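Number of protein chains: 2
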Amino acid sequence: MLLQNKEIPIHIDLPGDRGYDLVFSSISALPAKMRDAGLRPGKCLVITDTNVAAHYRNPLVSVLSSDGWDPFVLALPAGEETKSTAHLTAIYNAALAWNIDRKTPVLALGGGVIGDLAGFAASTLLRGLPFVQIPTSLIAQVDSAIGGKTGINHPEGKNLIGAFYQPKLVLIDSKLLYTLPRREWTSGLAEVVKHALIDDEAFFAWIEAEIRQIVARDPRIVSDLVYRAAGIKAKIVSEDEFEHGKRATLNFGHTFGHAIEKALGYGVFTHGEAVNMGMKAAVFMSRRFNRKVEHERALSILSLISSPTIPSSIGIPDIRMAMSTDKKKVSDRNHFVLLRRIGEAYVTDDVTVSDIDAAIAFALGRP
Amino acid sequence: MLLQNKEIPIHIDLPGDRGYDLVFSSISALPAKMRDAGLRPGKCLVITDTNVAAHYRNPLVSVLSSDGWDPFVLALPAGEETKSTAHLTAIYNAALAWNIDRKTPVLALGGGVIGDLAGFAASTLLRGLPFVQIPTSLIAQVDSAIGGKTGINHPEGKNLIGAFYQPKLVLIDSKLLYTLPRREWTSGLAEVVKHALIDDEAFFAWIEAEIRQIVARDPRIVSDLVYRAAGIKAKIVSEDEFEHGKRATLNFGHTFGHAIEKALGYGVFTHGEAVNMGMKAAVFMSRRFNRKVEHERALSILSLISSPTIPSSIGIPDIRMAMSTDKKKVSDRNHFVLLRRIGEAYVTDDVTVSDIDAAIAFALGRP
Chain A
7 MLLQNKEIPI HIDLPGDRGY DLVFSSISAL PAKMRDAGLR PGKCLVITDT NVAAHYRNPL
67 VSVLSSDGWD PFVLALPAGE ETKSTAHLTA IYNAALAWNI DRKTPVLALG GGVIGDLAGF
127 AASTLLRGLP FVQIPTSLIA QVDSAIGGKT GINHPEGKNL IGAFYQPKLV LIDSKLLYTL
187 PRREWTSGLA EVVKHALIDD EAFFAWIEAE IRQIVARDPR IVSDLVYRAA GIKAKIVSED
247 EFEHGKRATL NFGHTFGHAI EKALGYGVFT HGEAVNMGMK AAVFMSRRFN RKVEHERALS
307 ILSLISSPTI PSSIGIPDIR MAMSTDKKKV SDRNHFVLLR RIGEAYVTDD VTVSDIDAAI
367 AFALGRP
Chain B
7 MLLQNKEIPI HIDLPGDRGY DLVFSSISAL PAKMRDAGLR PGKCLVITDT NVAAHYRNPL
67 VSVLSSDGWD PFVLALPAGE ETKSTAHLTA IYNAALAWNI DRKTPVLALG GGVIGDLAGF
127 AASTLLRGLP FVQIPTSLIA QVDSAIGGKT GINHPEGKNL IGAFYQPKLV LIDSKLLYTL
187 PRREWTSGLA EVVKHALIDD EAFFAWIEAE IRQIVARDPR IVSDLVYRAA GIKAKIVSED
247 EFEHGKRATL NFGHTFGHAI EKALGYGVFT HGEAVNMGMK AAVFMSRRFN RKVEHERALS
307 ILSLISSPTI PSSIGIPDIR MAMSTDKKKV SDRNHFVLLR RIGEAYVTDD VTVSDIDAAI
367 AFALGRP
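Top line first, the protein sequences correspond to chains A and B. Going by this note's numbering, the first residue of the first sequence is number 7, and it counts up by one from there. Going by this note's numbering, the first residue of the second sequence is number 7, and it counts up by one from there.
Think of the hints as simulated: they come from the structure by calculation, not from any bench. No experiment lies behind these values; they were computed from the predicted model shown. Hints are supplied without guarantee of correctness; some may be wrong.
Same chains, same label: a pair holds when it works inside one copy or across any pair of copies.
What the hints assert, rightly or not - Taking lysine-lysine pairs in the BS3-like style, the calculated list, with each CA pair at most 30 Å apart, reads: (1) K298 x K164; (2) K181 x K268; (3) K12 x K39; (4) K164 x K12; (5) K181 x K298; (6) K39 x K164; (7) K109 x K241; (8) K252 x K298; (9) K298 x K39; (10) K12 x K268; (11) K252 x K49; (12) K298 x K109; (13) K268 x K39; (14) K49 x K298; (15) K109 x K268.
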């Protein structure tokens, strides 16, 4: 047991009036929590996808209406392709035709795709509407819905168009996760383990102890897992809203992971599967530089979560080349997040091509 | 004489690291001022229009190159239609194909259209690139380039998509204004007079004293006029970055002006002409509520600047109806900025339809 009181919201403290709460409660409490966040009933715009809508559209509309809200629901196709200019425009058109004003909140009911897209729409409609995140996937509840990164994809790459824009409220209802497809659960676990590896050794030890229950989505551990992982993300983004420093450690495994996704073609792996494999590369590289890294503990947990394989047609140079267009680059060099030990990470660009190739070869299982 | 030292930049003090300087100097000083603002030579993206490019593209590229910058210039068509999704996408495509990184600055060289569009592109590329304003019109030098409002138009209305995004530097070279078409100069004077009316009676008195030289764009007064008017805008946006309060007074004349532009069809009047006529309505309404308003002084200056007429086919109800979709509405009612006296303004929604109609009738010269 983690012995945490999940009734207590986690506050994200930011300058100006940008601070907000992560509230861990049922959707039925949403109107009360929206009032707490300063929002008053009127029109609201709900952005969701058709998969999520099938489960939660009616309950959400019902609970909003009961407090006097007038929700307009836009259910977009599920999937990464929805993070596009075309769907952004669809939101703009629906919102403006509906005659919104500057106080009309935008609610994102969905996973990372919906949260990123709806948040970007909220940030750019009338120069910024109030925004509420209701994440429905594990990856969104512990990672993407927290911290204000919003955006869409561009033909040149993912998330190339976007904004930092903070929500007024994130309502996290871990019961929503039981309808999640199994592969989405597993995918989200990669980000949970990432948070533990970069910031919280005790949490990592708990994950090790509970790994069977975690992979099986045992109701006894789900809410603890979400609360603890969301808290790590909250702490890091509170310290570094715009990713000038520590926030970059959240990209652990992602320089490799993005390159793997890109080389393989988007949609073959889930994001979490690619990040999981990317973390194996990053753990290998970390051990090469830091003898305190207990790489076997880390690799063991990552393998228990997912172990997809890459077709032999994809070579190590393909993945290395895909890194060169990663937008995380601040200038000419890629930055790598490495572990100093389990629970502590740092950023460096002081690695050689042969370090990179060795790490990719390891993650691909091609010694 | 206003007796101001225009060598001293005007600092806009904002929370976080969002403060920046308005620097009054020649374009030749741009590289040094960019260094002062923390920008280091590398790639940069220059957005301009073809009219401005004809005069200033080569000098700008030359001065940037001399300090080691590698500028890519995108010259878009001149005119309001350029503030569109299509041209925003053109900037995204050019920037991303050119392999920008998070430190690549976007420079806007142009009037309000280019500044708003380029600023919005800067705010949304890679979740925010450094942005530099080099305003070339009077309206941009004293108003639109200052304060971080960026955006594009939507078929439903102007500026409906956008963001608050602060530049790192605004370089104001009033010598650029001598190549401005006469009607653009006059249009900008409307915003200058607006600043004086809402905030600075002494400046208004100076305008009265120098009105012939001002209308004639006399070199002896141009730099003083720009420095003083820009300073008023700077003061107001420093106090109220996100338009929660005082900044709304900058909309003096705009509730009427936007409605006039819309009812007439965009492009018939310039923005400044519509605002000028809108201010006549607003002065009339101000006097109705506040006997201290010296309406004849205000109206006299406004008429000396421009006195376009509206075709008789446009009726008072057409203009009133156009107000009902103004995005400045916070909720159901329009807000009006009124003068308490020359040099002091406030916001109210406590006006009747007959007040509005009387003000429109006055501005249209239809008693």
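Against the structure, the hints:
no., hint, result
1, K298 x K164, "neither (34 Å within a copy, 58 Å between copies)"
2, K181 x K268, "neither (33 Å within a copy, 49 Å between copies)"
3, K12 x K39, "within (15 Å within a copy, 51 Å between copies)"
4, K164 x K12, "neither (34 Å within a copy, 45 Å between copies)"
5, K181 x K298, "neither (38 Å within a copy, 63 Å between copies)"
6, K39 x K164, "neither (32 Å within a copy, 34 Å between copies)"
7, K109 x K241, "both (29 Å within a copy, 26 Å between copies)"
8, K252 x K298, "within (21 Å within a copy, 57 Å between copies)"
9, K298 x K39, "neither (44 Å within a copy, 47 Å between copies)"
10, K12 x K268, "neither (38 Å within a copy, 52 Å between copies)"
11, K252 x K49, "between (38 Å within a copy, 26 Å between copies)"
12, K298 x K109, "neither (52 Å within a copy, 34 Å between copies)"
13, K268 x K39, "neither (39 Å within a copy, 39 Å between copies)"
14, K49 x K298, "neither (55 Å within a copy, 40 Å between copies)"
15, K109 x K268, "between (39 Å within a copy, 23 Å between copies)"
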